[in-house]
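Engineer: For reference, the chains in residue letters:
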Amino acid sequence: MLELRELSCGYRATPVLRDVSFTVEPGETLCLLGPNGVGKTTLLRTVLGLLKPLAGEVRVDGRSLSGRSRRETARLLAYVPQAHTPPFPFSVFDVVLAGRTAHVGLFATPAHEDRLVAMKALELLGIGPLAGRPYTEISGGERQLALIARAVAQEPRVLLLDEPSSNLDYGNQLRLLELVRRLAAERRLAVVMSTHFPDHALRCATTAALVKDGAVLACGPADAVITGERLEEIYGVPVELVERGHNGSRVRVCVPRIAAHVAPPGPDPVKETESYVETH
Amino acid sequence: MATPVLEAQLPARGLGRPLLVALVVAPVLAVAASVAIGRYPLSAADLLWAALVGLGLSSHELPETVAVVVFDLRLPRIVAAMVAGGALSAAGAAYQGMFRNPLVSPDILGAAAGSGFGAALGIMLGLDVLAIQALAFVCGLSAVAVSSLLASRLKGADPMLVLVLAGILVGTVFTSLITLLKYLADPYDRLPAITFWLMGSLSSANRADLPLLVVPAVIGVVVLFLLRGQLTTLSFGDDEALTLGVDTGRVRAAAIVAATLMTAATVSVCGMIGWVGLVVPHLARALVGPSFRLLLPASLLLGSTYLLLVDDLARSLGPLELPLGVLTAIIGAPCFLYLLSRTGRGWS
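Chains D and Z are the protein sequences, given in the same order.
The numbers in this note's numbering rise by one with no breaks, and the one at position 280 of the first sequence is 280.
The numbers in this note's numbering rise by one with no breaks, and the one at position 186 of the second sequence is 186.
Derived from the structure by calculation, the hints contain no laboratory data.
There could be a bad hint or two in this list.
Among chain D residues calculated to face chain Z with C-beta under 8 Å, some are [stated by the list, open to error]: (1) 87; (2) 91; (3) 98; (4) 111; (5) 114; (6) 115; (7) 124; (8) 170; (9) 171; (10) 172; (11) 174; (12) 245.
Think of the CB as a built atom: it goes at the ideal place given N, C-alpha and C, for glycine as much as any other residue.
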């Protein structure tokens with residue numbers, strides 16, 4: 001269970017987000033929604049301990065994270081960053097195996113059991129055949145899956161994902177969301193995921209936290225909290241929520257209300273040219 | 001539960017048999033060849049008896065000259081070359097992983113420049129050999145200490161970059177001081193000594209030098225070996241290593257101390273030998289991969305063999321012995337280019 005208590009985060013005493021409080025129970029997924037630059041990544045980094053909180057605290061399973069060693073924290077929290085390229089050609093298996101570092105002795109290297117855990121994580125994510133390939137030679141989507149496998153191999157209690165679907169194609173995005181939802185449920189993980197797409201939150205989140213202007217606008221059950229008005233407030237575009245039914249289940253999707261050919265604000269090029277010709 | 005299917009899919013853990021054998025046999029062959037190479041001709045019988053006596057398997061009376069050549073001249077030099085080559089390569093591998101940059105060498109933090117300055121100063125002051133080496137060692141350690149102190153004062157976004165910049169700064173200052181010392185040195189006596197020393201040489205390596213070289217090098221290797229798992233994870237990047245459970249500050253500090261011990265010890269006894277710590281880790285990484293569990297031993301074995309063979313060349317290529325540092329650069333640079341062109345894939 002992850003609990004944030006009035007957490008303020010930012011750089012060098014300038015708060016980016018203030019008084020963030022929410023709780024994520026095992027099996028739940030919380031989506032962080034907000035515009036670019038609002039501080040979603042800063043919040044995640046502060047929860048992980050990469051940044052010092054400016055105020056408030058983070059608790060996992062009732063105990064505060066401050067004062068815990070890196071190894072202890074890593075056994076509780078796992079991070080899936082946005083995919084990147086490491087400078088050395090590690091194999092995909094090596095990348096996932098690095099997730100076992102917190103469980104391996106300080107002066108030791110991963111043992112046979114650790115290697116099995118890593119392999120199982122690869123299989124769970126469906127990328128077992130990629131194990132021997134160099135990480136640098138697989139696609140962005142496959143790298144994202146490898147990073148998630150690494151987090152799974154870490155066997156944490158809480159999983160933090162930073163915009164995991166950013167580099168994925170449409171099909172992979174949907175598959176990833178389903179995977180995250182399943183992981184949270186099957187492994188009883190508390191999952192926090194930041195995302196740019198409200199549709200993603202509607203698909204896989206139990207809870208949603210909407211963030212704007214340095215504070216949490218609303219936080220609660222995803223279906224209740226994500227409304228057209230709120231999304232318009234955050235993103236500045238008019239949005240409608242539409243419900244569709246399929247095979248007995250209902251799903252809500254966002255439909256933007258911008259007309260297809262609205263002229264952008266600014267001088268009308270046709271009128272400008274005419275007036276220019278007339279005056280010259 | 002581990003099913004047989006899962007087990008079967010696990011990638012191989014160690015090295016293939018041929019590579020493993022090659023890595024272990026190469027140094028042994030190199031040692032055997034190196035004992036035989038030299039100005040004083042040794043017959044096969046001499047070599048055989050010397051080996052048996054050396055291993056304690058025989059009490060045969062060796063001719064005086066053979067004993068002196070093998071045990072007092074060549075073997076100490078062989079040991080020095082292997083320890084220096086292995087130490088520089090291991091330090092280079094550790095630094096390349098830590099700084100996540102394949103172009104980094106062990107003197108990036110100023111250890112070599114500092115040691116060079118200490119040695120030049122010792123020669124200027126007319127100290128005896130052991131004192132010169134001790135002064136070089138201390139100055140090498142101090143240079144890295146100054147770099148680290150500087151880096152901790154400069155608050156930058158990327159601690160690694162700040163450390164490298166501080167190291168380059170300190171290295172440049174010490175190199176300039178060396179040049180100043182050369183300018184002030186007596187051109188008939190001290191200057192040639194300083195210049196010769198700076199070019200790197202094992203020609204004066206004898207038994208008395210070995211402890212100063214071997215003890216810090218062994219300490220350094222042991223520390224790096226103990227931290228091999230943590231170093232591997234550290235090479236994924238600072239933030240990721242932190243979230244994966246590595247105490248990056250402490251591991252990095254320990255690795256820098258270890259690598260500095262190894263580099264300063266090598267430079268103090270053998271002079272400036274460059275390109276070994278840069279080239280050998282690349283070759284080792286191309287053979288066994290970037291994980292330190294395999295990369296460290298491979299760097300040690302390859303580095304010791306490489307420097308031993310280059311030193312053999314240095315003392316047998318011509319009538320005059322060639323400076324080791326010059327030879328490692330002349331051989332090392334083309335090797336590096338070749339390695340770059342072959343294994344260029346996979347670097348960011």
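Engineer: Does each hint hold? Answer for all of them.
Structural biologist: Outcome of the hint check:
1. 87: Holds, because the Cβ-Cβ distance from residue 87/D to chain Z comes to roughly 5 Å (cut-off 8 Å).
2. 91: Hint on residue 91/D: holds, closest Cβ of chain Z at ~7 Å, below 8 Å.
3. 98: Hint on residue 98/D: holds, closest Cβ of chain Z at ~5 Å, below 8 Å.
4. 111: 10 Å, violated
5. 114: 10 Å, violated
6. 115: Given a least distance of 6 Å, the restraint on residue 115/D holds.
7. 124: 11 Å, violated
8. 170: 28 Å, violated
9. 171: 26 Å, violated
10. 172: 22 Å, violated
11. 174: With Cβ-Cβ at 27 Å, over 8 Å, it is violated.
12. 245: Cβ of residue 245/D sits 41 Å from chain Z, so the hint is violated.
When each numbered hint is compared with the structure, violations occur for hints 4, 5, 7, 8, 9, 10, 11, 12.
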